[in-house]
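Note that the protein sequences, when read in sequence, are chains A and B. Numbered according to the working numbering, the first sequence spans residues 436 to 639. Numbered according to the working numbering, the second sequence spans residues 28 to 407.
Warning: the hint list may mix true and false statements.
Each computed DSS-like pair below joins lysine-lysine, with the alpha-carbon atoms no more than 25 angstroms apart [as the list claims (entries may be wrong)]:
no.: 1; chain 1: B; residue 1: Lys-362; chain 2: A; residue 2: Lys-505
no.: 2; chain 1: A; residue 1: Lys-509; chain 2: B; residue 2: Lys-362
no.: 3; chain 1: A; residue 1: Lys-505; chain 2: B; residue 2: Lys-74
no.: 4; chain 1: A; residue 1: Lys-520; chain 2: A; residue 2: Lys-497
no.: 5; chain 1: B; residue 1: Lys-334; chain 2: A; residue 2: Lys-509
no.: 6; chain 1: A; residue 1: Lys-505; chain 2: A; residue 2: Lys-610
no.: 7; chain 1: A; residue 1: Lys-505; chain 2: B; residue 2: Lys-271
no.: 8; chain 1: A; residue 1: Lys-583; chain 2: A; residue 2: Lys-509
no.: 9; chain 1: B; residue 1: Lys-362; chain 2: A; residue 2: Lys-609
Computed beta-carbon distance windows for the label pairs [unchecked claim]:
no.: 10; chain 1: A; residue 1: Leu-574; chain 2: B; residue 2: Gly-338; range: 19 to 29 angstroms
no.: 11; chain 1: A; residue 1: Ala-521; chain 2: B; residue 2: Ile-356; range: 40 to 50 angstroms
no.: 12; chain 1: B; residue 1: Asn-325; chain 2: A; residue 2: Lys-609; range: 46 to 56 angstroms
no.: 13; chain 1: B; residue 1: Leu-384; chain 2: A; residue 2: Ser-441; range: 53 to 63 angstroms
no.: 14; chain 1: B; residue 1: Gly-206; chain 2: A; residue 2: Asp-538; range: 33 to 43 angstroms
no.: 15; chain 1: B; residue 1: Pro-322; chain 2: A; residue 2: Ile-529; range: 32 to 42 angstroms
no.: 16; chain 1: B; residue 1: Arg-84; chain 2: A; residue 2: Leu-574; range: 18 to 28 angstroms
no.: 17; chain 1: B; residue 1: Gly-360; chain 2: A; residue 2: Asp-538; range: 20 to 30 angstroms
no.: 18; chain 1: B; residue 1: Gly-360; chain 2: A; residue 2: Lys-527; range: 32 to 42 angstroms
no.: 19; chain 1: A; residue 1: Asp-538; chain 2: B; residue 2: Asp-266; range: 46 to 56 angstroms
no.: 20; chain 1: A; residue 1: Asp-538; chain 2: B; residue 2: Asn-325; range: 29 to 39 angstroms
no.: 21; chain 1: B; residue 1: Lys-176; chain 2: A; residue 2: Lys-609; range: 52 to 62 angstroms
Listing some non-contacts, in silico: residues in chain A with all C-beta distances to chain B over 12 angstroms [claimed, not checked]:
no.: 22; residue: Ile-603
no.: 23; residue: Arg-607
no.: 24; residue: Ala-616
Please keep in mind that the hints were generated in silico from the structure rather than gathered at the bench. All C-beta atoms, glycine included, are put in the ideal place defined by N, C-alpha and C.
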Amino acid sequence: MNLPGSGILKGMAVTAVNFIGSFFDRAHAKRLITEQYPEERPTLVETSRSFPFLVFDGDPEKGIRCTACKICEKECPPQCISIVKAKDANGKPILRPQIFDIDISVCMGCQICVEVCPFESIRMDNIYEVSAYDRFGTLVLHKDQLLKSNEYYRQIHPTEAAQTDARIEAVRVKKAAAKAASAKAAAAKAAAAQAAQTQPEPAA
Amino acid sequence: MSFHPHTSSFNGVQGAGALDVSLGPQHPSTHGVFRMNVRMEGETITKLQPVFGYLHRNHEKIAEANSWLGSMPYTDRLDYICPITNNWAYARAVEQLAGIEVPERAEYIRVIVGELTRLQNHTVFLGFILGDMGAWGSALMYAFREREKILDLFEWLTGARMMVNYMRFGGVRCDLPVGWLEKARAYVETYPAFLDEMERLLTGNEILLARLQGVGILSGERAINGGLSGPVLRASGVDYDIRKVDAYGVYPRLSFRIPRGTVGDCYDRFMIRLLEARESIRILQQAFAQIPAGPTLNPAVKQRGFKPPAGEAYGRIEGPKGELGFHLISEGGEKPYRYHVRPPSLINLTLLEEMCLGTKIADVMVILGSIDIVLGEVDR
Chain A
436 MNLPGSGILK GMAVTAVNFI GSFFDRAHAK RLITEQYPEE RPTLVETSRS FPFLVFDGDP
496 EKGIRCTACK ICEKECPPQC ISIVKAKDAN GKPILRPQIF DIDISVCMGC QICVEVCPFE
556 SIRMDNIYEV SAYDRFGTLV LHKDQLLKSN EYYRQIHPTE AAQTDARIEA VRVKKAAAKA
616 ASAKAAAAKA AAAQAAQTQP EPAA
Chain B
28 MSFHPHTSSF NGVQGAGALD VSLGPQHPST HGVFRMNVRM EGETITKLQP VFGYLHRNHE
88 KIAEANSWLG SMPYTDRLDY ICPITNNWAY ARAVEQLAGI EVPERAEYIR VIVGELTRLQ
148 NHTVFLGFIL GDMGAWGSAL MYAFREREKI LDLFEWLTGA RMMVNYMRFG GVRCDLPVGW
208 LEKARAYVET YPAFLDEMER LLTGNEILLA RLQGVGILSG ERAINGGLSG PVLRASGVDY
268 DIRKVDAYGV YPRLSFRIPR GTVGDCYDRF MIRLLEARES IRILQQAFAQ IPAGPTLNPA
328 VKQRGFKPPA GEAYGRIEGP KGELGFHLIS EGGEKPYRYH VRPPSLINLT LLEEMCLGTK
388 IADVMVILGS IDIVLGEVDR
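Bound-form chain B, shown alone (with noise of 0.2 angstroms):
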């Protein structure tokens, strides 16, 4: 942190003076490259300004001068937490544009994949976020001891840990290998356990209590108005989740329930998340027992000089973190004319300084960590 006073704002202020404080780019709880220019009255945050773009690399870019295939292992690297779901919305994008059916046991895989990745993703949140109010150690230990054993399956179905390039247009890449499914089966099985016991190591601790309730709170109308989405969204009150809405893959024919939060605040976003792992562990089970065999990849579609036929597609998915869209437009070519990216944790970002407007600055970094933002794809 670095400090320098604003002498603009020491006129008025009697005694306290205000206090520019720039936060970040390298700050620990500022999830990476992230920096905020804070503008304090005694320890109150009266201004804040994001200020993005340390990890900008050119993925839009990028995606226009490479193959339709080829921004597929580019799409890992956007939230690095969770790489499975952006592909999905990549695939999903592309399918949608040029019309591709997906064989239903792909479907299932995309399913299980996804909600695994939702389970690591709220499980690391868990973690980061004590990681936010001071608590390193562990919390973040026993989410990141859960986010290995998912990662360890990630690894033996796709070959990596985190860039998986999994999903092709028409499909996934490859079968689940021999024995996945019940090893993976008999994971979640002992998942419910593991969220019992971060519950009682964390849901009733008075501190936590203290740093979290009544803490930034968002209502509905800004919410839907700051176009946010995902828990975020969802711990304000607004029943708004898109695999409820669009019902896409095969989510139609399982069973779960969408967590909403009452108030808004910072304990409602870390519930949600809590609640929204248990109703993942749901979704598994169903997928587990309903998936059936049959091809995992659509024969008709050539992966290879794949060429879209001219058109405009707007695919998105529930991220774990929200609403994860792709926008692309073909001209019929083997590039993409144009390649959106609709990232969650930007849009989601958006609403900070009304989040932090009169709250302390100890309490910033705990309500940037509520919104679980990855700066991979802030910035892309």
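Only chain A is shown next, with the shape it has when bound in the complex (with noise of 0.2 angstroms):
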């Protein structure tokens, strides 16, 4: 039998080694000590996710990715996000969404949208510092404020954007390779028709 009081007393031991090392772990390795977090600012992972947002090529209106499909709209759990598409000056509807609204409030950060997305046009920003003073209106994000670029996007999460991108690449390549083929196709056709054309009537 140990002596009365002992596994206290082993037990201060270990809180003194951790509060004499504290001073000692300049590194943080096994010691984390609390950041003072508007000063200090935490490096976020690469990974690290928020809210979503949509990505843009070159110019913010003709450069949407957005089709308005709607899939995401139908697709997200606790239904944040509101989409209207845009129409032309006859009233047609275009693949351009003239409404993207998405409720942060709402939000849960889930990221099925982005899984979801068929044209690669929503991603996950890592913002984290979007409190406001009104609980009505400035947690709704509309479309300008949702856009953002392919740099950004490089720029937040670079394995992945690098990965979309040559998704992105593929897609046109292929689309120009089949596009090339049909032209082909199409120009072989048409020399057919007129080689046809110019062979002469065989006797009747």
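Put the two chains together into one complex, using the hints given.
Here it is as structure tokens:
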């Protein structure tokens, strides 16, 4: 049997080691020390996610990737996305959102919208200072607030953005190849038709 | 705490007087918004009635209105201390329902993140139960320090510290990032030293022994009849672990032991977490050594617009708190017809009164802490 109280003393030794050690563990490798938040900011890991944003290439109006297909609106578990398709001067719907709103007071950052988007147009941001004084209105992000360039996306998620760019490039190459092939086929067909026309009619 | 004398109980008791106390729902030791109506004779508990539902948020009904995939992020919010195992249980239930194969690498990743979750759950348990005994401070801070390091690993892997939304039907959402496995392995190597530190700090402490030993004894027979599971059941001496019983995933390939208690008191429930954490480290080391290369998601499964065939399935895993099961009924549509959760915390709580009767009011907190509940899961 140990001396009575020796267990407590042993425990106190542990706290003493931790207390004194915290003065020498400058790298914070073993003992995490409170970060002085507004002055010291943590470096976020690359995969870190918070709220979604819309990616555009080049021009924010013309380069918008979103085609207002509304898949993310339908799949969003808390239903925080609201989309209205744009219409041209004749009232014909065009493949672009007129309104694209995300209520980030409802959004839970699950990134299901990112996974279901077939056009690689919605991606996760890593902003975290989005507090507002007004409960209503300011927490609903509109299209112009949500639109961010592909360069920004490459900056915050380099690996993921590289994969996305590769996929888009592959699709573009494939489409170009298909277009070239179909153009070639059309040309061949036209040539064949011309050849058939120029051939003398067989005598009946 | 609010006190009001219960008039009907005064007769018959000389001098002492019965007192009804409403403990919670905001008391720091009740682990969230949990309330107990306690009747005491002096300081001894004669009746205890748990009051549930302060954190009810319609989890099951929301799931029935959502797509199959759309319920995955909501499962994170059941037991918010260990979201990954909740994901796992739901994914497993759906996989059973639709008969989906999971690639081998994904199964290993699931075991690795699941056991890391168990480590961090048991670690914060050690901190919280000390808090319940009135020792807010060192133990809780040390526990949270280690949990922080595991959460950093989760953030690197999934993008979020707690609301991970990581599992998918037939695998996991993304593969391990480059360097993750090495970092996790290096971290797990340091873990036994931390557990040793915790043991030096706590297990020999005379005050802790006095507060835990012989308090809240639960017999194995009663634990089985009450439907308890997890560490609480094993602390009462019952050898029942779903990892062994169901042998799901790749657990049959990993060698580990199931620690059991002998007395079934709070001290056994405390020690069983320490021992299980050590077994988790063994499992992790084996999984790190065995993990193969390969795909992490079954490509045949369509996540969006997922429609399992009509039928019924119950999928369960050994969560850090006990048997976590999902009972799903499908009619073949895009939404589940019925979605039911079997949360370990709620069912483990049902015998709280039995454990508390005859003990002092200060022990109620320790007994509640030793069950290890999370209100997100109890109230759903």
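- Mind checking the hinted window 46 to 56 angstroms against the Cβ distance between Asp-538/A and Asp-266/B? 50 angstroms, holds
- Do Asp-538/A and Asn-325/B keep their Cβ atoms within the hinted range of 29 to 39 angstroms? 34 angstroms, holds
- Message: Run the distance test for Lys-505/A versus Lys-74/B: straight-line Cα separation, threshold 25 angstroms.
- Response: 56 angstroms, violated
- Query: Are the Cα positions of Lys-509/A and Lys-362/B separated by 25 angstroms at most?
  - Reply: With a Cα-Cα distance of about 13 angstroms, the restraint between Lys-509/A and Lys-362/B holds, given a limit of 25 angstroms.
- Pairwise hint evaluation, Lys-497/A against Lys-520/A, where the allowed Cα distance is 25 angstroms at most: 15 angstroms, holds
- Check the following: the C-beta atoms of Arg-84/B and Leu-574/A are separated by a distance inside 18 to 28 angstroms. 20 angstroms, holds
- Given the hint that Lys-583/A pairs with Lys-509/A, test it: the Cα-Cα distance must not exceed 25 angstroms. 23 angstroms, holds
- Message: Within 52 to 62 angstroms: is that where the Cβ-Cβ distance between Lys-176/B and Lys-609/A falls?
- Response: Given a distance of about 44 angstroms, which is not inside 52 to 62 angstroms, the answer is violated.
- Do the alpha carbons of Lys-362/B and Lys-609/A lie within 25 angstroms of each other, as the hint requires? Cα-Cα ~36 angstroms, so violated.
- Message: Given the hinted pair Lys-505/A and Lys-610/A, is their Cα-Cα distance within 25 angstroms?
- Response: 24 angstroms, holds
- Satisfaction of the hinted span 33 to 43 angstroms by the C-beta atoms belonging to Gly-206/B and Asp-538/A: 36 angstroms, holds
- Query: Between Lys-334/B and Lys-509/A, is the straight-line Cα distance small enough, at 25 angstroms or below?
  - Reply: 16 angstroms, holds
This entry does not satisfy hints 3, 7, 9, 10, 12, 13 and 21, going by the numbered hints stated previously.
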